[in-house]
Amino acid sequence: MSSHTTAVDVAAAVRSGEQTAMATLERAYEAIAARDDEIHAFLHLTRERAQADAARVDEAVAAGREPGRLAGVPIALKDNMCTVGEPTTCSSRILERWRPPYDATVVDRLEAEGAVIVGKTNLDEFAMGSSTENSAFGPTRNPHDTAKVPGGSSGGSAAAVAADFVPLSLGSDTGGSIRQPAALCGVVGVKPTYGAVSRYGLVAFASSLDQIGPFATTVEDAALCFDIISGHDPLDATSIPTPLTPTLPTLNDGVSGLRVAIIDELSGEGIDDDVIARTEEAAEALRDAGATVEHVSIPATIYGLAAYYLIAPAEASSNLARFDGVRYGHRVEGANVAAMNVATRSAGFGDEVKRRIMLGTYALSSGYYDAYYGKAQRVRTLIANEFAEAYENFDLLLSPTSPSTAFDVGAKSDPMALYMCDVCTIPSNLAGHPAMSVPFGVGDDGLPVGVQVLAPMLGEPTMFRAAKVLEAAAKGMS
Amino acid sequence: MSGEISREEVAYVASLARLRIEESELDMFTEQLSAVLETAAALNSLDLHDVPPMAQPYPLANVFRPDVVVPSLDRDEVLAQAPAAEEGRFRVPPALGEAP
Amino acid sequence: MSNTTSDGTDTADSVLPEGWEMVIGLEVHVELATATKLFCGCANSFGDEPNTNICPTCLGLPGSLPVVNERAVEYAMRLGRALNCTVEPSIFARKNYFYPDMPKDFQTTQYEEPTNENGHVVLPDGTVVGIERAHIEEDTGKSTHLGGGGRIHDATATLVDYNRAGVPLVEIVSRPDMHDAETARAYVAELRDILLATGVSDARMEEGSMRVDANVSVRPAGSDELRTRCEIKNINSLRSLGTRTADARPRVGPRRTPTTTATSPAPICRRCGRPRPTSKRSMRRCPRFRPPVGRRSRLLPGSRSPTRR
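Residue numbers (our numbering), protein chains in the order written: chain W, 311 to 788; chain S, 356 to 455; chain E, 12 to 320.
Keep in mind the hints are simulated off the structure, nothing from the lab. Glycine included, each C-beta is placed from N, C-alpha and C at the ideal position. Careful: at least some of the hints might be erroneous.
Over the 12 angstroms line for every Cβ pair with chain E, so calculated as not near, a few chain W residues [said to hold, decoys possible]:
(1) D347
(2) R375
(3) S566
(4) A698
(5) M787
Simulated crosslink set (EDC-like; lysine to aspartate or glutamate; CA at most 16 angstroms straight-line) [unchecked claim]:
(6) W/K722 with W/D661
(7) W/K664 with S/E364
(8) E/K153 with S/E442
One chain only, chain W, in its complex shape:
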C-alpha cells in the first residue's frame, strides 16, 4: 500500500475484497504507534469500537452485503464529538473522565457507511483557539515541522490526516477551526453551510456558528465524506430541512465560465507576502481552467473579527454554564453548591476558556447588551448582506485561508495575536456560507499554504469543483 492511500481507494479495495477492514485498521494503528508520540494528534484510541466496526464491515463483504461507501476507512474524530462509552473530553480537565451515553449523529452516519472510528483527536480546549496549544493535555505538533503548531482548534484532526495516520477525520469550525489547521498542515478542510451537517452530539461552543466538517488529503475524499455526513437531522432543529445536492457527481465538472473574485480586504494588509503570492497563483490556475477571476470589495469583513469576538464568547458563556460539577465531569467539593460550582469551574477550565466566558458574560450583561452583543449581531447582518451582494455577481470567492504559515509552538502567547489568525475565516462563519481550504504550494519557509474557496449558502457543489481544479494545479507546482 502506498503511503498516500485515500478513503476512496481504501473503500474500493475493501469492497472488492482486495484488503480487509481489519488489516487496514491494523496498519492505521501501526502508523499511529510509530509517530504519534511525536505528533500527539490523538487523545485516545478507540480500539474496541474500531475492531467492532472493522469486523462488521468484513462480515458484510464476506456475506455479499453492501458494506458502505466508506467501507473499512479509518476515521478520527475531534474530541468534542460524542462517542458513546468512549472519552469525550473537549481537551478539558472538566470532562477528563466523561463518557457520553450517546453518539453524535455524524458518528452514526459514518459507521452506517462502513467507516471505522479509530480514535479521538486533540483540540484547543472547548474548541477555543487557533493553535491547539490551549489543550489541557498538551499541544499537537505539525507533522511538516514538529517545532510548529498544526493550527487550531481542530489541530489533532488536521495532523492525523497530514501525518497519514488516517485518510479522513472530522473537525468543527466556529471561526476557522477546520480551515486554518487544514492550511497549516497542508490538507483539505471544509466548513459546510451552516445547518448542512447535524450538530447533535457536537459539544456546543457557539451554537449559531459551529459546524462539523471533514479533513482529507484529497478533494474527492472530502466531497465523499461531506455527502455522507450532511443532510437533515430531526434531532437538530437548525439543520436544513430540504435535501442537499451531492457534491461528488459534479466534482470534475471544472470551472469553465465560472465567475470568481478575490476578496480585497482579506488579501492585503496583515497577510504575509508569500501567502498572497500563492493566492494569486491560485487565481491564475482558475483562469487557466476557464474561470474569470476579478477582485471584489466586501468592506464589512474588516469588522468580522470584532463581531466574532463578542458573539462567540457570548454564546459560549451560556453553553458552558452547564459545566457545574453537578451531573457529570470533574467536581471540586464545596460547603454549598455555589461554592462547589466556583471551585469546580475554576479548577476545570483553562485560561482561554475563562477569558472567553468572562468576555461573553460581560457582553451580555445589563447595560452592555445592546452596545456589545446587540451591535455585533447587527454587524453580522451587514456582513451577510454584503456577501449576498457579492454573490449576485460572482459564483465563488477566493482568499488566503490563514495570514501566515505555521508558527512555532509557544510563539504567540498574546491572545489577540492568536485571534488574528482567524481574520480570513471568520466572515463565513458569521454569514453562514460554506468555505474550504485547499493546499496550494508552500511559503518561503517551505511550510504549507492553503487557499480558501468561499461559496454562497448551499454552494458546496460549485465550491468543490473549484477546489478540484486547484488541487490539480497545485500538483503541477514544483
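Following the hints, put chains S and E in place on chain W, whose structure we already have.
Below, chains S and E alone, put in the same frame as chain W:
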C-alpha cells in the same frame, strides 16, 4: 462606549459566571479583556440603526417534533457518570436559598 | 396578627387603614398535559422513580439539542385564546443562572416575544383581571434537601431529580388588578376551570401542575402607583392563598412603605446577585436575559402542523 473594562467589572463577571479569579491573575485578565473590547470598539463607528440583528444564518420557523414518547436513558448508566449520587438522585452540597 | 377565620377566609380588611388598598398580581405556572417534555421525547409524567425520564437533552448533556414539542405549542396557543390574549409569533430566549435543578444552568423561556399577550379573565362577579402574558417555558428538576428536617437552611446535602426538568410550562402573568385575597382566589379558581375546560392541563395544585406565586403591595386607594412589593412563592392551595396574602399585608402596610426601601430583605435575583427588579420592565436590565442561541423557533399561530391531515 469605552472599550475598556475595570478590575472590579472583571471580578464581577467572573462571579456571575461562577469563576474564581485569583488576585494575582486579575490584572492579567483585565488587560487581556480590555484589549479585546478595544477591538470591539471599532464597531462603534458603524451606523447600524437600520440593520436588524441576525441570530441565525439559515432562519427556520416552526421546527417541531411530534408529542410521542421516546425511550429514556438508563438511570444507572447516567448516575455512574455523576460525581455523587444517592437514592437514584444526583447529590450536591446544600443549595443555599431558594431558586428564583 | 392575621385575622383569619378557621376556614382561611379573611375578615381582615380592617388591618389596612382607611384609604389604602392591597395590590395583588399573580404568576401562575401551569404544567401542560402533553405526553412528552417541551424539547425532547421523554415522558411527561408525575410520580415516576427519580431520573427515569431523562435523556441527553433534558439532562443538558454536552452536545444535546432541543426540538420543540408541537403539542405544547398548540396547547399554549389554545390557552392563550381562552385567556383572550393576542397570539403572536414567538421566540425562545435563555435565562442564564446557576442552580442545581437547572440542567443547563439556563432556562429556555420566552421573553421579548411571548406566544400570548394582553388578555383578560372575567370572574364570576364580573371583575376583570388583566393578563399581561402567558408564555411557554421549560420546568426545572426537583430538589430534595437532606438533613435539617427538609428545610433548606439546615440541609447537609441536596438531591436532584430531573424527571420534571424540561416539562412544558405556561407562565400566566396577571396584571396587578386584584385588591383582596378573595378576588385572588376567584381568579385562580377561574384559571383552573379554563385549564380543565381547554384540556391543556390537569391543574392539580397538590401535584404541582399548577403553582401560584403572588406579588403583594399596598398603595393609596385609587392611585395607580406600584410600590415595593412582597413576593410569596409556592402557594400550594387556594385556601392558603387567602391566608398568605392576608399575612403579607402587615409587611407591606402603609407605615412601612415609604417610597424607598422595603422592610423585608429585598429578594436577591439569582441571575445577577442584585436586588430583584420590581417590575417586568426592569427585568430587561437584568444581566443574564438573552435571546436564543442558534435556534430561532418562530411559532406561527394558525399554521397547520405537518402531521395534521
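Consistency of the hints with the structure:
| no. | hint | verdict |
| --- | --- | --- |
| 1 | D347 | holds (29 angstroms) |
| 2 | R375 | holds (31 angstroms) |
| 3 | S566 | holds (38 angstroms) |
| 4 | A698 | holds (19 angstroms) |
| 5 | M787 | holds (40 angstroms) |
| 6 | W/K722 with W/D661 | holds (15 angstroms) |
| 7 | W/K664 with S/E364 | holds (15 angstroms) |
| 8 | E/K153 with S/E442 | holds (14 angstroms) |
When held up to the earlier numbered hints, the structure conflicts with none and fits them all.
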